[in-house]
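Build out the structure end to end from the sequences listed, making use of the hints.
Heads up: the protein sequence lines correspond to chains A and B, in order.
When you read off a place in the first sequence, starting at 1, and then add 230, the result is the number in our numbering.
When you read off a place in the second sequence, starting at 1, and then add 230, the result is the number in our numbering.
Please keep in mind that the hints were generated in silico from the structure rather than gathered at the bench.
It does not matter which identical chain is used: a pair holds within one copy or between any two.
Cut-off 27 angstroms, straight-line C-alpha distance, at most; resulting in silico cross-link-like pairs (BS3-like, lysine-lysine):
1) 386 with 362
2) 456 with 513
3) 386 with 263
4) 278 with 427
5) 277 with 330
6) 277 with 428
7) 330 with 263
8) 531 with 577
9) 513 with 531
10) 237 with 386
11) 427 with 531
12) 237 with 362
13) 278 with 237
14) 531 with 407
2 protein chains.
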Amino acid sequence: MVDAIKKLAVIGCTGSIGRQTLEVVRSLSDRFKVIGLTGGSNITLLKKQVDKFKPQFIYYRDKKTDAQLENYEFLPEEAMASHPDVDTVVIATPGGCGLKPTLAAVKAGKDVALANKEALVTAGEIIIAEAKKSGAHILPVDSEHSAIWQCLEGEKTPPARIILTASGGPFLGYTAKQLTEVTVEQALKHPTWRMGKKVTIDSATLMNKGLEVIEANRLFDISFEKISILIHPQSIIHSFVEFIDGSTKAQLGWPDMRLPIQYALTYPERLLNIQLPRLDWDKINQLNFEQLNMDSFPCLKLAIEAGKRGGTMPAVLCAADEVAVDFYLSNHIGFGDIANLIQQLLKQHETLFETQPTIDDIQNADAWTRENAIRLVLGEKHAN
Amino acid sequence: MVDAIKKLAVIGCTGSIGRQTLEVVRSLSDRFKVIGLTGGSNITLLKKQVDKFKPQFIYYRDKKTDAQLENYEFLPEEAMASHPDVDTVVIATPGGCGLKPTLAAVKAGKDVALANKEALVTAGEIIIAEAKKSGAHILPVDSEHSAIWQCLEGEKTPPARIILTASGGPFLGYTAKQLTEVTVEQALKHPTWRMGKKVTIDSATLMNKGLEVIEANRLFDISFEKISILIHPQSIIHSFVEFIDGSTKAQLGWPDMRLPIQYALTYPERLLNIQLPRLDWDKINQLNFEQLNMDSFPCLKLAIEAGKRGGTMPAVLCAADEVAVDFYLSNHIGFGDIANLIQQLLKQHETLFETQPTIDDIQNADAWTRENAIRLVLGEKHAN
Chain A
231 MVDAIKKLAV
241 IGCTGSIGRQ
251 TLEVVRSLSD
261 RFKVIGLTGG
271 SNITLLKKQV
281 DKFKPQFIYY
291 RDKKTDAQLE
301 NYEFLPEEAM
311 ASHPDVDTVV
321 IATPGGCGLK
331 PTLAAVKAGK
341 DVALANKEAL
351 VTAGEIIIAE
361 AKKSGAHILP
371 VDSEHSAIWQ
381 CLEGEKTPPA
391 RIILTASGGP
401 FLGYTAKQLT
411 EVTVEQALKH
421 PTWRMGKKVT
431 IDSATLMNKG
441 LEVIEANRLF
451 DISFEKISIL
461 IHPQSIIHSF
471 VEFIDGSTKA
481 QLGWPDMRLP
491 IQYALTYPER
501 LLNIQLPRLD
511 WDKINQLNFE
521 QLNMDSFPCL
531 KLAIEAGKRG
541 GTMPAVLCAA
551 DEVAVDFYLS
561 NHIGFGDIAN
571 LIQQLLKQHE
581 TLFETQPTID
591 DIQNADAWTR
601 ENAIRLVLGE
611 KHAN
Chain B
231 MVDAIKKLAV
241 IGCTGSIGRQ
251 TLEVVRSLSD
261 RFKVIGLTGG
271 SNITLLKKQV
281 DKFKPQFIYY
291 RDKKTDAQLE
301 NYEFLPEEAM
311 ASHPDVDTVV
321 IATPGGCGLK
331 PTLAAVKAGK
341 DVALANKEAL
351 VTAGEIIIAE
361 AKKSGAHILP
371 VDSEHSAIWQ
381 CLEGEKTPPA
391 RIILTASGGP
401 FLGYTAKQLT
411 EVTVEQALKH
421 PTWRMGKKVT
431 IDSATLMNKG
441 LEVIEANRLF
451 DISFEKISIL
461 IHPQSIIHSF
471 VEFIDGSTKA
481 QLGWPDMRLP
491 IQYALTYPER
501 LLNIQLPRLD
511 WDKINQLNFE
521 QLNMDSFPCL
531 KLAIEAGKRG
541 GTMPAVLCAA
551 DEVAVDFYLS
561 NHIGFGDIAN
571 LIQQLLKQHE
581 TLFETQPTID
591 DIQNADAWTR
601 ENAIRLVLGE
611 KHAN
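Right under this line is the structure:
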């Protein structure tokens, strides 16, 4: 059997997920062709990637680039994500800018390997509805959602419960008080995963886990009451699915994002990739689990509340978190202020809250949040 | 959606698996109808079960029974297993006597919920070939094979490796020397599972795990080199499947045979059964794993060797083990003698070894082994 070559567009190719996607593509170069690459401001890396993969189309946000990229056709992200030549779109860009290309790809009926959490969190209902209309497949790349997806594959009965595992981040066991004083350096030291800065901070606050809860709710059509979180410091078991008969399935793997990325790209097949690490049971003597102390992680609570409210609240949550993490990374606010700022913005948004928002409403809520966040932290003169 | 009622024949209804099968049927009484029940010599229990489930057909091996069972139609096991009124045949009888009804059910194209290991171990190739011909489904009931089956459900790519978990039985950590002196009472105390005596002793010698390795090889068409064993004392993870991409799936559940029994009966659906226990992650703080010391468990080595040789060797292995365990339970031989006796018989069988045996050859090898085992232990005058 000769398998067709899948043609990919990688939206956000210079970030952590984008780079690892291209590592997978390089390992399985007979199975994939890169049609499009879009980067942000890291033009040096983008140039290297473009030289290597020779895509048909490129895009980059920072316009101050030199002539070397001029040989390639410049195509905006949404056009690239919906281009007829593309089979699978990898949404590897973090934050709010993942929404538009995701929606474009979904509307065009593409296979969408989705690593961006915010698109589903802020506009999950719209995206899922569009996917149903167009026949697009949303293939989760997050390790937890990939695990759940793998466990559900072939099952005829919906899950009774989903248990998202959480490493607990670098501050597992810290009290709420201790957490107010942690430094950026400490927060960036994730015990098990190599990830971008934003996601690493989100892992330390457990906002990341909160976004994953919302994502699971949207993606697997399962109520919040049936989603729980279990601390599992080794990050070997990526999540559990419990079924109605009491049987539980888990997906395990060495914590390496290339594995869920590859699964999304090769699905429904699995392919040998000698670059990918294997679990070594000679060395795994135990797997540990503990209950989560929700009180230490206010961001997680805020996320779940916003997810349950729905409407524009998750957009406010995501935008507020993006800005708050930026302020934390630039030492404008402390670790504990991340949750405080998000909470304040969610509260302020009550008067503007839309229960059935359009994409425009969601983007307005996002813009409103960013502006108000800046105003709250830096004062009136910095907001435009 | 109104679901059809499945009509069951339970071959070996008075043993541990048989009783638990009927517990599941009672819990899901709107989904199953017991058409046939076959017991061995425990007529008192059989009578109770027959009164409760009112099957169309019954069978029992011990003919010295009273008049109360005479209202039911007596039908031999093979006829019952292939009767047109039966949808699913549960083979719950242990040892060599599972082979004939399994084969009859498979030839008749039934769904066969197979708890008996020996049928597949001694005649796996014939059974699998017959199932392919008739369209029969073999639905494994062993917790390990049920786990593997559940993990493979929906997968398009064959497993790269199967890891059978093993509690290690009551003698985990014992040296080969210590093992020669263990009592029957010690051997019957299994740490995690409630099972019949034969299986409990097989779990203590790890013969059980050896038979499971052979069963996995036959059932999942995977080479012996790709099957490994991992000690997992809690018996929560029932087995792992590793895929070619490095992803691993596991099935977990409280150690209770009713769960894999029910899965085989309700497949491809899963049904709520409030009688079945759930994993409680508040109480599971760790799952432990260790490598197996093969040297302490010669029965396991003998089983894997016999499985690799194939032909009539697995029949000799199973029959020798059955007799050896009987002799051990009746205090005729010591724990360490179980492996010695099996090894002696496998060696003696070399001259009679058939590589492509028929069912008759397999049954002759079985009979030859039992006779010779008795001769070896009790001397010439006891063999007929």
